[in-house]
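Asks: Sequence:
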Amino acid sequence: RRVWEALTRIPPGQPTTYSGLAATMGQPRATRAVARACAQNPVSLAVPCHRVIGADGSLTGYRWGVPAKRRLLEGEETG
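The opening position of the sequence shown corresponds to residue 162 in our numbering, with each subsequent residue numbered one higher.
Check the hints yourself; a few may be wrong.
Unchecked claim - Just the calculated beta-carbon pair ranges, DEER-fashion:
id: 1; residue 1: Arg190; residue 2: Glu235; range: 10 to 20 Å
id: 2; residue 1: Trp165; residue 2: Glu237; range: 14 to 24 Å
id: 3; residue 1: Arg190; residue 2: Thr239; range: 32 to 42 Å
id: 4; residue 1: Gly215; residue 2: Gln188; range: 12 to 22 Å
Bear in mind the hints are in silico, worked out from the structure with no lab data behind them. We put the CB at the ideal spot given by N, CA and C, even for glycine.
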């Protein structure tokens, strides 16, 4: 639940990394917990886990597929 709350505070068009989100939560070693919470998110638009990307900038796994994650992020960049 703490991860999902943190996800709602990520501004549109400003993705963060799994490790970055863990650090902002005061749990810098909780990267895997952040990834697990994102993977279990059943309401991706209300809890925007698509805004979390890999440390190297890659669009890593997404419950609804990486192409969907790419479209959501691109939509936030333009609008």
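Asks: Would you mind marking each hint as holding or not holding in the structure?
Replies: Status of the hints after comparison with the structure:
{"no.": "1", "hint": "Arg190 <-> Glu235: 10 to 20 Å", "in the structure": "31 Å, violated"}
{"no.": "2", "hint": "Trp165 <-> Glu237: 14 to 24 Å", "in the structure": "18 Å, holds"}
{"no.": "3", "hint": "Arg190 <-> Thr239: 32 to 42 Å", "in the structure": "35 Å, holds"}
{"no.": "4", "hint": "Gly215 <-> Gln188: 12 to 22 Å", "in the structure": "18 Å, holds"}
This entry does not satisfy hint 1, going by the numbered hints stated previously; all others are met.
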